[in-house]
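Engineer: Chain order of the listed sequences is A and B. Under my numbering, the first residue of the first sequence carries the number 1, and numbering increases by one thereafter. Under my numbering, the first residue of the second sequence carries the number 1, and numbering increases by one thereafter.
By construction, these hints were calculated from the structure, which means they are not laboratory data. Any given hint could turn out to be false.
Coverage of chain B stretches by chain A, computed from C-beta distances (three or more under 8 Å per stretch; other residues unrestricted) [stated by the list, open to error]:
(1) 31-38
(2) 51-57
(3) 83-96
Note that this is a predicted model, so its numbers are computed, not measured. Every residue, glycine too, gets a C-beta built ideally from N, C-alpha and C.
In case you want the letters, here they are:
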Amino acid sequence: MTTDEGIVYDRSLLGVETHIGTFKLTREMLLGFAKSTGETNPRYVGDNNGDGDIAAPPTICNVFVSGVSRPDIKLEFGEISFFAGQSIECKAEIRPGDVLSASTKLDNVYAKTGRSGKMVFAVWETKFRNQDDATVALVTESFVRRNKNR
Amino acid sequence: MKKNLYFEDVEIGDDIGPIKRSVTDEDVIEFVSVREKKIIPSRFTSKEVANSEGLPEAIVPGPMNIALMAQVLTDWSDTVCLLKIDVVFRQTVPHNKDLIFSGIVTDKDETGGSTKLECDVVMENSDEVKLVIGTGVIALPNKP
Chain A
1 MTTDEGIVYD RSLLGVETHI GTFKLTREML LGFAKSTGET NPRYVGDNNG
51 DGDIAAPPTI CNVFVSGVSR PDIKLEFGEI SFFAGQSIEC KAEIRPGDVL
101 SASTKLDNVY AKTGRSGKMV FAVWETKFRN QDDATVALVT ESFVRRNKNR
Chain B
1 MKKNLYFEDV EIGDDIGPIK RSVTDEDVIE FVSVREKKII PSRFTSKEVA
51 NSEGLPEAIV PGPMNIALMA QVLTDWSDTV CLLKIDVVFR QTVPHNKDLI
101 FSGIVTDKDE TGGSTKLECD VVMENSDEVK LVIGTGVIAL PNKP
């Protein structure tokens, strides 16, 4: 069972979008991302010389999410934090030259009680839109806070 | 040579992979360079920084792990279109160690309304310890 009853945090942040950056994706960036992960699919790396029409590997937006500073939700619970998980929805293809605008919002805060006690999850959703205002990716991240084991 | 897969070719329970690979220090630097022109030593690029944070060695960044997990699916066939991937980090992922990636098809849309498939994906170390687990939703084209 999950609930947000009794969790103290800044509820005024729920659903409020904050712009976190604008990113121009160059062909060099796309190929660098693909090379670093050992990508061989010609859709992402082009021909043997790296030439030809390419698209971005589907999780590339994630590079721009990590390390982003978000508003402090002033959560009054727990002593330790963990990165619990992440999902990426790929909504449209990203190509070299695209300019992506990213905005993030606090989507949900809820508590769960498990074997190790109560945990509070904060879920952030980051939306990437391209220069035509089309949503190209949605990145959802979940962070958990809990008390130390006694 | 990789076979082009079509929706009709795939059944629930079909295996994806396994793929064995490792992530080198250079791979991580290349990955981090996609965003940062100047590499600042961090737990991802420096053993010393990782040690100072209580980690035994430099680790692979989370976004890179997700990219590698996604690649297991997109590498299955050039016809795969990745729609969604959802991962949970169970343990840190070290550089320069064997990693085994595998997946399995867990659901197939049989309604005729789409060509979507759901898959489980896992990254394990050589001791079969699960480091990252996840699920993916992909689409395949219909057979011509």
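Engineer: Please count how many residues of the stretch 83-96 of chain B have a CB within 8 Å of a CB from chain A and say whether that reaches 3.
Structural biologist: Check passed, 7 qualifying residues.
Engineer: If you look at each residue in the stretch 51-57 of chain B, do at least three have a Cβ nearer than 8 Å to any Cβ of chain A?
Structural biologist: violated (count 0)
Engineer: Tell me whether the statement that chain A covers the stretch 31-38 of chain B is true, taking a Cβ distance below 8 Å and needing three residues at minimum.
Structural biologist: holds (count 4)
In this structure, the one hint that does not hold is number 2.
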